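Letter by letter, the chains look like this.
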Amino acid sequence: MNNAFAIALGCLLPVTLAAQAAKPSLPDGVITRDVRFFSEGVVCFGRIFLPKGLTPASKAAAVVLAPGWGETEASIEQYAARFASRGLVAMAIDYRGWGKSGGFLYLVDPIRWDDRQRFSQHTARVRIRRRRLLPEAQVLDIRNAISYLQGEPGVDRARIGVWGTDMAGGHVVVAAAIDSRIKAAVAQVPIVDGRDVPRKAFAPSPSQQGAMVRLARSGQAPAGVIAAEARNDEETKLALAEYHPFWYADAIPATTAVLFVVAEKDTTVNNDAHAVAASKLLKGPNGVASVSGATHSLAMPGAFETAVDAAAAWFVKYL
Amino acid sequence: MPRPVRLGLLAVVVAGTGISAQISTDLVDRRRAAFHAQATDADMKREGGTQPRDWTYDLPDGVSTRQVTFYKDGGTPLYGKLFLPKTFNTRGSWPAVAVGHGINALSIGIEKYAARFAERGLVAMAIDYQSYGFSGSGSDDLRLLDPDPTTDAVVVTDRHVRLLVKRTNLNNIHEVEDFRAAISFLQGEPGVDAKRIGIWGSSNGGSVVIAVAALDARVKAVVSQVSGAAPSARGPAPFEAAMLDDGIRRARTGQGAEVDGGFSFRSKVDQWSTQRNRDLRPGSLLDQIPPTTHILYLPAENDELSGRGGAGAIAATRYLSERGVTAQTIVFPELTHFQAYSHTGFEVGSTLAADWFLKYLGTAAAQKATAAPAQAAR
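If you're matching them up, the sequences are chains C and P in order. Taking the working numbering, the leading residue of the first sequence gets 1, the next gets one more, and so forth. Taking the working numbering, the leading residue of the second sequence gets 1001, the next gets one more, and so forth.
Just so you know, these hints were derived from the structure itself, not from any lab. The model shown is predicted, which means the values in this text are computed figures rather than measured ones.
Derived list of chain P stretches under chain C, where covered just means 3 residues or more per stretch with a C-beta under 8 Å from a C-beta of chain C:
hint	segment
1	1234–1243
2	1246–1252
3	1264–1270
4	1281–1294
Some chain P residues close to chain C (C-beta under 10 Å, calculated; not the full set):
hint	residue
5	Phe1070
6	Lys1072
7	Asp1073
8	Ser1139
9	Asp1141
10	Pro1147
11	Thr1150
12	His1160
13	Val1165
14	Ile1183
15	Leu1186
16	Val1212
17	Leu1215
18	Val1219
19	Gln1255
Note that beta-carbon positions come from the ideal geometry of N, C-alpha and C, so glycine has one too.
Full structure from sequences and hints, please.
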C-alpha cells in the first residue's frame, strides 16, 4: 500500500495540525475578507489575507493556499496570514464539499430540460454530497480560485503562486504542469505519488474494475449516511489509483519556480521518492528545503516558522 | 499551397507492426468513383454540419435496441442506447463498442454507426455526453440558487431547493469520463466480454477517444473518425487575454461569456469551454497508449475542420507505430469533414470501423470457448 492510500484510508479522521489549535492574531496591518468563488457550479469559500497598504492600484503578487487531505481552510490560515505579512495577497480555500464550501449536487427528482434552453430554473429535490476526496476536483478548485484571485483589485494577475500542503503539495505540482498562469509553487510535506508507476494508461485490477462496473451500473448518488460514506471511500480509492502527481513534474515549464518543503523526519511520506525525486525533473528554478527534525505534521516547535518562512521567501523571490 | 497528394498515396497510409496489423483498404479503392461523386454532387455537400436526413437509418434485420441509464462522477445519470446483434444471447461472450458523438452534438446523429456495428456482430452503445440529449446534468452543471445549508457533519443531505440547470456544458474532460463510464457499463452487461471493449468517436469525439485510450487500458480498439491530433508536447496550454478575463468572471459570478457552439446541432456553449478543453490534448498523451490498444484513424482528405489530408492522424500513426502500438490511417478520398457521415463516407467509414473492431476485438464465436473468465470481474 502506498503512502497516499494510507492517508486516504485515514482521511475521515484528519490529522489535526497542532499549529491550528491556537489561532494567532493577524499580523500588523493584515486584514481578511471572506469570499465566495465558483468552482464549476459550486459556491466555494475562500478567505483572503490582504497585506498592509494594499490598494486597488497595487500590483501585488498573489498566492492560493490549498489545505491538506481531509482538511479545511482553517488549518492553513496561519500560512496565509504570514504570506500577507510579507506583502503577498493570500487566499486560503475550502475545496468543494468541504468546510464552508458547497457540496456536490445530484438531482433526485426528475426534471424536464431542453438543450435549446441552456439554463432553466427548477425547484426540485437534490442530493448534496460532502467530504468526497477527489484529487482531480481539488486541483480544479485550486485553479478556479486562481481565477478569482486574478480578478481581485490590487492583484497583479501575471504574478500568481500556489501553495499546498500534504496531498495538496502534489496538487500544486499537477496544477503548475497544466495551468500556465502559475509562476511559482510551494509544495509542503508533499505527497507526489507515481515515481514507480510507468506513465501509461490505467489498467485496473480485477477488484478496481469490479468497482468501476458497479458504479457505472448502479451508482446513483447514495442515499443515507452509511451508503454515502462507503461511496466516498470507494470513489476516493479509485481516484487515487489513477492520481500520479509525479508524472506531471517534468511538464512544468522552465519559467515556473517550484520549492519543496519537506519534513526531515517525515514518516508519512518518503521524501526521497516524492519531493526529492520530483525536484530532479524540474526544468526551472527549484529547491528542496528540509525542516530539521520535523515530522509530517510540522508540529515540532519552530517547524511552522521554518516552513512558512521558506515558502514566503520563495514567493517573494519568484513572484 | 500544394495540392493534396494523390489518392494512391493518401488512401493507404499504413504504419503498423507488419502487414498483419492492417485492415484491407480495398474498399476505399473500389469506391473511389463513389467518393468522387459524393465530393462533387451539390446535394451531397455538407457545409457546416450533417442534416437530419443523414441521421436516419433502418434497424438491421434482427438487431434489437435497449435504452439504458448509466452513472458517472458520484451519481450523474447518462443515457445510452444499446444495439444488440441478431444472434446475441447473454450466455455468450461478445465484443462491445461505445459510440460517441462529436462536438456539441447528440447521439441520435450517430446511432446509425452503432446499428451498423451490431449488424456486424458487435454489441454497440451510442451515448449522450453529460448535459447533452437524454443525459443528465451533473454537479458541474447544477447550481443552487439558495445557499447550500450543508456542513461537514453530514456527508449526504436531500433538500428541496431552487436550482439552475445548465445544458450543453461542452467539456472534453467530462466526455472522457462519459466514455469510461460507458466502458464500465458495457463490461458489466451480461453477454459482453469485459476484456474486449472498443470505442468509436468522431470529430471532437475522435480526439476524446484517443485521450480515453491514453488513460484507460481497458480499451482494446479505437476508431477515431475525422479527427487526428498530431503528437504534441506536454505542459500547460497558453491563455489568451480574453480567456483570462472570462475565467475571472466565471469564478466571481458563476457565469462567463457564451458563444455559438456546434454544427449539426447548434446551441450556446461557454466561451470557457475552449480553454477548458485545452487541458486535455490527446496529442500530448499518445505515449501513454499501451501496445494492447489498437488505433484506427479515419480522416477525410478535404477536412476543413480537423486538418486536410489526414496529416495529424498520419503523424500520430507513425508516432504510435514507432512505440509498438498498432495504428493505421485510412483517408476518405476527397471528402470534407461532414461528408464522412453520409453516403459513401458512412458506408465505407462504418464498414472499416467494424472491420477494425472485429479484427482487434474478435467475433463472438471465436471467443466463446474462453468466455467464462471474462465475466469474473463483475
